[in-house]
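Undergrad: Below, each chain spelled out in residue letters.
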Amino acid sequence: MNQPFIDLLTPFLPHLGDRPLTEDSRLHDLGMNSMKAIDLLFAIEDGLGVSLPDEDLNDATFATAGSLWAAVQRAGAAEGDRRAAA
Amino acid sequence: MSVSAVREPTTGAGSRLGALPADASGADLWRVLGAENRLAGVYRGNDPRRGVDTAALSALLTDLDRRFGVGSTLAVTVPLATCLPLLAAGTGPAARTLADSLDGRTVVALAATDENSGCDLAGLDTSVSFDGEHLRLDGTKRWITNATTCGAVLVLARHRPGPHFTNFTWVLVPADAPGVRAEPAGTELFDGSGTGHLTFDGVRLTRDHVVGGTGRGLTAFAAHIATERLAGALWAGALCERVLRDTARHLGRRGDGDGVLWEKEGIRQRWAGALLRSRQHRALTESLAEAVAARRDTSAAALLKASAGETVAHVLDVCAHLQGAHGFRTGGPQQLRAQGALFGIGGGTTEVVLGIVAETAPESGAEERP
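If you read the sequences in order, they're chains A and B. Take the position in the first sequence, starting the count at 1, then add 30; the result is the number in the numbering used here. Take the position in the second sequence, starting the count at 1, then add 2; the result is the number in the numbering used here.
In short, the hints are calculated from the structure, not lab data. No residue lacks a Cβ here, since even glycine has one placed at the ideal position from N, Cα and C. Keep in mind that a hint or two might mislead.
Across the chosen pairs, the derived CB separations fall in these ranges [to be verified]:
#  : chain 1 : residue 1 : chain 2 : residue 2 : range
1  : B       : E38       : A       : A116      : 35 to 45 Å
2  : B       : G188      : A       : D37       : 45 to 55 Å
3  : B       : T189      : A       : D59       : 19 to 29 Å
4  : A       : I36       : B       : N118      : 35 to 45 Å
5  : B       : G357      : A       : D37       : 20 to 30 Å
6  : A       : H45       : B       : S289      : 23 to 33 Å
7  : B       : A343      : A       : D111      : 44 to 54 Å
8  : A       : D111      : B       : P165      : 48 to 58 Å
9  : A       : R113      : B       : R46       : 21 to 31 Å
10 : B       : I347      : A       : A93       : 28 to 38 Å
11 : B       : G357      : A       : E109      : 34 to 44 Å
Work the whole structure out from these sequences, hints included.
TA: Below is the structure:
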């Protein structure tokens, strides 16, 4: 996970405290509820400039920091491919 | 303080709108506003995708509140604040319906609240299932504005079981599609709003009637209900100021001994207390409007919704009491009190939005709890 992603995700995890965020960190256990998850999705799309595809909109994507990071990377790569093709 | 402390609005109305009778329905208002190109004008750059122009929206709602009933104004507010921006995220049928709506040729209803789950949208039962290029919709929605007058309905449905926020999807349903049934709600409080209940029984449509993408139902709802809450706050401010003006005018004319009621200090203070609440609501709305309109700030929108519900209840309670028996006339503040309860219930109860405020307020220390 890169630092901009960690910086973006951390404010949505009120129970993280001083612990490091790892790919195995379970978002629900760290305080992520539905309302925060919706705001997080807004932040990802606005802040990182990627839009998660419909097939990645599921509970597995939002299960851990690592699963969300993987979806963001896939969306970023697809966005890059679209730009290159344009 | 003079009785003119709350100024009359100076916004004008288009000629055709001004020609409508005071009891015109929301569907009539929508048709005329569209024909006069006043619907697109509430959005930045006349584009619903860019969010609302707060000043333009406020001017329109103030105008409608002054001229027409609560039900009819409600019937314009909901599609303007929520349905059209939602449709703007779609293509195909959604894009065509958006164009028809902006021109006033059709009204779109927003059907989110389910028969049994109420404000708990994650618990709704209305379902959409997919079969190749088609979808099937089943469920019941209750207390839906424009249900009996709309040409199409935006329906929030689940495509997967479970409460996760990605399990919900918007579907655009033509009101005349086989399997759609509308019945009026049993109420006299919202004349002109077309409020009713909608049943979807095996409604079959092509898959391009999904709006905004599968799994984006609650996300889109969160973004656009914020705008509806801003619209409600703007309307609440206009409503309170209108009733305060009417009440001051009544008190200035109502005889009491050798003078008029307005000269009694206790009455003036009670009226001024209500004016204070109204002005506080107006100031809060102005301070948070940009955050909601430009950044879809759900916390700010929740605060505005809570303020609108509580301010309308307080101001109408005071004004209804100050007007005495006169307040019971048709369309008077006693009737408005019952209608005004809508501000504390529709689109999320005051308790629900205060919960959001507590959850998101930095001062709550939520992030410090284990």
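Undergrad: It remains to establish, for every hint, whether it holds in the given structure.
TA: Evaluation of the provided hints:
A hinted range of 35 to 45 Å holds for the C-beta pair E38/B and A116/A, which are about 39 Å apart. A beta carbon spacing of about 53 Å between G188/B and D37/A agrees with the range 45 to 55 Å that was offered as a hint. Between T189/B and D59/A the C-beta distance comes to about 45 Å, which lies outside the given range of 19 to 29 Å. Checked against the hint of 35 to 45 Å, the pair I36/A and N118/B passes, with Cβ atoms roughly 41 Å apart.
The given range of 20 to 30 Å is respected by G357/B and D37/A, whose C-beta atoms sit roughly 28 Å from each other. Between H45/A and S289/B the beta carbon distance is about 31 Å. The supplied range of 23 to 33 Å therefore holds. Restraint check, A343/B to D111/A: a C-beta distance of roughly 53 Å satisfies the suggested window 44 to 54 Å. Checked against the hint of 48 to 58 Å, the C-beta distance between D111/A and P165/B comes to roughly 34 Å, which is inconsistent with it.
Roughly 26 Å separates the CB atoms of R113/A and R46/B, a value that falls within the hinted 21 to 31 Å. The hinted range of 28 to 38 Å is satisfied by I347/B and A93/A, whose Cβ atoms lie roughly 35 Å apart. A C-beta distance of roughly 36 Å is found between G357/B and E109/A, which places it inside the suggested range of 34 to 44 Å.
The earlier numbered hints that this structure contradicts are 3, 8.
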